[in-house]
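Per mature numbering (1 follows the signal peptide of the UniProt record, and there is no 0), the sequence shown runs over residues -25 to -1, 1 to 104.
Hints are supplied without guarantee of correctness; some may be wrong.
Once the Cα atoms are required to be at most 27 Å apart in a straight line, the calculated DSS-like pairs of lysine-lysine come out as [stated by the list, open to error]:
{"no.": "1", "residue 1": "Lys101", "residue 2": "Lys40"}
{"no.": "2", "residue 1": "Lys77", "residue 2": "Lys6"}
{"no.": "3", "residue 1": "Lys6", "residue 2": "Lys43"}
Hints listed in this document are in silico derivations from the structure and should not be mistaken for laboratory results.
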Amino acid sequence: MTLATMRQPLLILFTFFALISTAQAYEQDCKLDILHSAIGANHSFNLKVTCSGYYNTLTYLLRAKQNKNGVSRLDSETGQLYIRGNDQTSGGITIEMQEGDKVSIEAKILQACEVLGEATLEYTHKESR
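Please model the complete structure; the sequences and the hints are all you need to start from.
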């Protein structure tokens, strides 16, 4: 067996373990869903947080960024949650939107400085007919 043929199985194993560790790094402790509802031109965005286990003092951040006529508008909401193996819905950003308006929503949940989960949502308002 030559040195080149010995390296090939080692390279395959190394690649396999590297992929496994990368997948584990992207797992989130908490699942975040950005909920959207609308009544007419008023659009509301809320954050639903689902964590496995019990967490005290989680901080949530919900931020909406809207570009209109070259001007950026930011709306944000922050607060604290206490998870006891259940779902929590919080936040609440309301934006008035016209047809064609776009908004980008970001959400994060943190414990101390550690990010436990994050989510994004891009939404473009279309008139219902």
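A quick look at each hint next to the structure:
1. Lys101 / Lys40: Given that 27 Å is the threshold and the Cα spacing comes to 18 Å, the pair holds.
2. Lys77 / Lys6: Holds. Lysine 77 to lysine 6 sits at ~24 Å (cutoff 27 Å).
3. Lys6 / Lys43: Not satisfied, since the Cα-Cα distance of roughly 31 Å exceeds 27 Å.
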